[in-house]
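Starting from the given sequences, assemble the full structure and let the hints guide the process.
Each chain, written out:
Protein chains: 4
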Amino acid sequence: MAVRVILVGQGLVATHFAVGIERIKRGELEPYGVPLAKYQLVYDIKDIELVGSYDVDEEKVGKTVYEVAKKAVGDILPVPETLKSITVRRGIHLGSLRGLPFKAKGLEDELGSVRAAIEALVEEWKKLQPDVVMIVATTEPAKPFHKVEDLVKAVERDDRDRLSASHAYAYAAYLYAKDTGRSVALVNVIPSPLARDDAIVKLYEEAKSIVLGDDGATGATPLTADLLEHLAERNRYVHSIAQFNIGGNTDFLALTIPERNKMKEETKSSIVKDILGYDAPHFIKPTGYLEPLGDKKFVSMHIWWKTFNGLEDELVVNMRINDSPALAGLLVDLARIGKTLTERGIYGTAYEVNAFYMKDPGPRGSKNMSRIRAYYALIDYLKKTGIIRA
Amino acid sequence: MAVRVILVGQGLVATHFAVGIERIKRGELEPYGVPLAKYQLVYDIKDIELVGSYDVDEEKVGKTVYEVAKKAVGDILPVPETLKSITVRRGIHLGSLRGLPFKAKGLEDELGSVRAAIEALVEEWKKLQPDVVMIVATTEPAKPFHKVEDLVKAVERDDRDRLSASHAYAYAAYLYAKDTGRSVALVNVIPSPLARDDAIVKLYEEAKSIVLGDDGATGATPLTADLLEHLAERNRYVHSIAQFNIGGNTDFLALTIPERNKMKEETKSSIVKDILGYDAPHFIKPTGYLEPLGDKKFVSMHIWWKTFNGLEDELVVNMRINDSPALAGLLVDLARIGKTLTERGIYGTAYEVNAFYMKDPGPRGSKNMSRIRAYYALIDYLKKTGIIRA
Amino acid sequence: MAVRVILVGQGLVATHFAVGIERIKRGELEPYGVPLAKYQLVYDIKDIELVGSYDVDEEKVGKTVYEVAKKAVGDILPVPETLKSITVRRGIHLGSLRGLPFKAKGLEDELGSVRAAIEALVEEWKKLQPDVVMIVATTEPAKPFHKVEDLVKAVERDDRDRLSASHAYAYAAYLYAKDTGRSVALVNVIPSPLARDDAIVKLYEEAKSIVLGDDGATGATPLTADLLEHLAERNRYVHSIAQFNIGGNTDFLALTIPERNKMKEETKSSIVKDILGYDAPHFIKPTGYLEPLGDKKFVSMHIWWKTFNGLEDELVVNMRINDSPALAGLLVDLARIGKTLTERGIYGTAYEVNAFYMKDPGPRGSKNMSRIRAYYALIDYLKKTGIIRA
Amino acid sequence: MAVRVILVGQGLVATHFAVGIERIKRGELEPYGVPLAKYQLVYDIKDIELVGSYDVDEEKVGKTVYEVAKKAVGDILPVPETLKSITVRRGIHLGSLRGLPFKAKGLEDELGSVRAAIEALVEEWKKLQPDVVMIVATTEPAKPFHKVEDLVKAVERDDRDRLSASHAYAYAAYLYAKDTGRSVALVNVIPSPLARDDAIVKLYEEAKSIVLGDDGATGATPLTADLLEHLAERNRYVHSIAQFNIGGNTDFLALTIPERNKMKEETKSSIVKDILGYDAPHFIKPTGYLEPLGDKKFVSMHIWWKTFNGLEDELVVNMRINDSPALAGLLVDLARIGKTLTERGIYGTAYEVNAFYMKDPGPRGSKNMSRIRAYYALIDYLKKTGIIRA
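Protein chains in written order, with full-length UniProt numbering: chain D, 1 to 390; chain W, 1 to 390; chain Z, 1 to 390; chain A, 1 to 390.
Simulated from the structure, these hints should not be mistaken for lab results.
Among the hints, erroneous ones may be present.
Put simply, identical chains are the same to the list, so a pair is met inside one copy or across any two.
[What the hints assert, rightly or not] Below 20 Å or equal to it, Euclidean Cα-Cα: the simulated EDC-like pairs (lysine to aspartate or glutamate) are:
no., residue 1, residue 2
1, K202, D179
2, K306, E28
3, K306, E30
Fair warning: this is a prediction, and the values are worked out from it, not measured in the lab.
This is the structure we're talking about:
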């Protein structure tokens, strides 16, 4: 049985996901970077099937995922020909690429209203029959609604300032689930608050569906979480934390725009107090864009603390990390877990899953914990729910 | 009620422990670096009382702990006058400082045999009435006996090549416990295999006592353990691990002597396979001695791995760590836990405690786990046994 | 004979300078961090005499330099009592602390116009008889005039938007020199363009005086210059350069204000093209403010390049640097060189001196070179002009 | 006109040199990593012609350089087919691979004596007519002779313990030059003392030839030299220097053998006193072998110092460096310079050239200087001698 997946945002993360899945199916790639690869889940990696892809970049809409991948990663990876069968469709824009050097046009521009765009998506999805919709678009400004009626009203009024593309997709997936009676798992790995939006969680419960999110935890943030846990367990008093990130992919470019950077800073900073128990002074944010670094970002972190007898210790961490594959690896688990959760009758959202995979785990008000703790809690949870097989 | 402590080896660790304890008692120091300071244990930090100190360095024997501390850390820390009441006594040498630039003489040299020296210690301890004996001497070559009779024979035959000073002290503490009926907790934070020596564990069980060890886990090794756990949980394939350590304290000087270095390399390397599940190629050892660094060592670590889609990521960690205070902070817990364990009827050794505090946890054959896992297992254990109060 | 010095801006740099000079005079401090300490100059370090100090911070004006120093560095350094003889006077503000959390008031506010403030300074200086005026204030926005008449007009019109405090001081020093016939050396170690302002250079030539500047080269920038020179000499092709700086002193706080940051970014970035010969993509700027770091900033730098056969190498540099003492050490040379230059009849500015000590060396249009080259050119120049004695 | 080159030791350095030269000739590679590529020398890079190659590894002798290169770097570089025309010949062993996991046999084993082996080489070279012989073999233990007669005697007596393979090749090249009247340039980029051996220098003078050496300066050592110069110029007082190197190529494997490591440690450490003026405590040596790192070594360096006012600063450098290409890039210059020097009548050795390209520059007793100073001295020298064309 297949896990049918739709990708929203055919950028580098989606591309690595699509390419990696196909390469694993062909037996040419070990599933490194997929956290649960060593466990037997209800669905195998090979059960994942890409059935649709959406974007608003005119350079991508109408091209096949093969063509997009060839251009994006063709110099460093073999791109399987099977990706020729999926064509990137036009999705919802709502200004999500505003200010970035792309020519973008959304369905809502073509069809005249967000509502019309959402309805068009729902119709398409009734044919594509996705089990999972994954939001892997560029970071965009977005605020939670919390009240279902406010979200509904924003759609009705075509309020393009209030409504983020993420919310529009989430709403479309909800309508699709409700109309068809098929459960859907929405996986949101960008900072938009969806799993932390009471309105979204409520709608998904109602439609026997689930939203997992928000903001996939890869790179420096989960490592920082584990380092802080390490210090906290030894009762070392942290003086300050500085964490710099610089890269050359679209997300770093987007984060040079202050309101988008703000979205990221919030999800990144919440770990400090949650784990240490006090709000140690910190500077943690995407710091800059440097094109030649490409998708392999440079991270530098400085932490210092008071140890026994009041003396001071110091730690510096430097990393070169491939940003998009790290996130794509998580998607391989999330797609499989998402579908199984709904089959197990778990609706709304699932904190135990979010706590490991997400920087800012839903539902609203949830605490961050160190990733190592979250990992073992996750394994327990997945065994208990039968998602990991005995 | 007091926790009466004897220190074996009045070096930097013992000195930081002695100074720190007194400063905490006087209310001038927060207990940072003491892992369980935030929990209420059966014994408070202020219950710890230093009742004896041993060394073989002619520069120290006969001096007060105050004088030794003044010379060692007087330039960076206030040294409490209360330490004037403890005088460093002559202990067992057995070549444990051989090859190092110290003039050393052991009790066994004065009294003619190891057996006589051990008996002299037992007599002294009957007066000092320690609850806890802590081995914080310089790293020395030592091999386990595993059979009680072999250990006993080595003492009988005065076999100074086979017997390490650590074993002689462990045996003395056992005899003291057996003779007096007072339980003793032996805390071994150097690499000598005591908690991993079946013979020692058996003797301690018999004497309603406990041995905790071996090799206190501070600095780079527990951090490496947690970093490897972090990678393992994401199924990243580790290509190799390089870890360098350089410092200027006596332990680094001792480790320039190959057979001592060997002792350390073993306890440090065991984490790789235990945590990753495969023996990733690694170079992990104390690398050199550089006098001006003093007790604040420099650590550099390089780890790289295969991530999703076969791409490669890289991590570099650099640290400046005060070696001795980090270990002294652990001793503050271990003294209190050690005494309470025997009061709770737990004898022999306690893996749950060793797994967090020690690089190579006893009993023999025990596995290393990441420190973060070990920490939560420890907290559960201490709650269950009532050592952490509800 | 003395080198009589006035400090403009009694912040950390000025304080380290004042304290360090007095400690060297008392024989309690080796002159480490003073580049030319090993050479015999016309004036010895002990010839330097602090005769005046200016600030606009209400917390400082009216206090002695001793009091200011005690508060700023009293916990880490002994503060000589001789500094009680110098009281901080009110200087020109012109908004140079605007936006920062200090209560500030300038002479121009008290006296009604910038012109009146300048005249008041000139009168004071006629009594204090400085040989050297050092601008060590917080980074402020400032633009060059290039035409003397424009500068004069800005003063006449009391144009407080156009005129920076740096320019006002520079003009005051010029008037003082012209009126008294005493040559003055203006040393500008902040980014304001003074040595790069044709107008200032021209006025100083006319008044047989000299301006040295701009923006003292300490910390990461001169090191980056030497690293780039190292790469350029091996014809390695630099892909990109990322350099992060974070600290907790007033200058880092000031640099969180975009227009001030801009001032710094320009002087820092100019090295790339000047040394490599091509404008390698770079991100080089003060990155953030983190109060606990204090004056000891954290710097992280990433450089990677193409080596022979098209393979790629990578370099990461991390530093903890005391920002203010590094600059104070340069001032010890600059004061002595500045006075001697005018005595040797060298007026206007001196590129050979600026090229080593400054991030953006005047006069206008001058190139940066690696510091190591600049150092040897400086030594030659100082020998030729007799400032270094044979 | 061609620069005819013989390579001694067909390892990674020789292979990168051979492959790189051919790729540059074919116009598919920019000459990055070749220091003087931007200058017009008497000989162009395209004038370099590989005419012979020697090794003692049974896996290489008899194979073409193409086959060797294909195996060594075929996975990361295109290997030009032109390298099929050169076959690796059997060279002199003299135990230079002893203790390493290679099956090796030398000409002296085949022919019965070192003398016979040397004579055989001379005969071959009379046909190959090299202008340049490059020693790029694995680091081997070697001691200088300083007296010509001692070297001659060692050959006569077949004293295989006293004589290194490097010396045997150097002597062979001398005999070839003397017999044919053709000048030869011997380029020695391994630690064996040849340019620092008075005997070798004297013989080369006599034969109107030149020896350049010793130990090519790439990687961490020249960078350390420039960093120390940077600190010295600011009169910062260096407390200590730690430098670790780890890699997975044959040279790192060889350096796990103590007597070979010793060879390297000496050439690496000499920079400290030469540049700083005092022998700051340091730990600078190849630290370990870690196979997966391959030719791209990991370097970590820690330097700390006293700055103005007695405060302390700290610098950490981490690098990933392709070891062999860096050295191969230098050979591209050295081959061309070597030949031209003899044509300009410069015999024996040339300090100005060695000072930039070598870790331990000959002749005996020469000082190290920072690389940046050495670079400008080199450029002046090459212009003065007409090797760089106006």
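Verification of the supplied hints:
Taking identical chains as interchangeable, the C-alpha atoms of K202 and D179 lie at most 20 Å apart only when both belong to the same chain, with a minimum of 16 Å there against 70 Å between chains. For the identical chains of this complex, K306 and E28 are inter-copy neighbours only, at 14 Å across copies versus 49 Å inside a copy, given an alpha-carbon limit of 20 Å. For the identical chains of this complex, K306 and E30 are inter-copy neighbours only, at 10 Å across copies versus 43 Å inside a copy, given an alpha-carbon limit of 20 Å.
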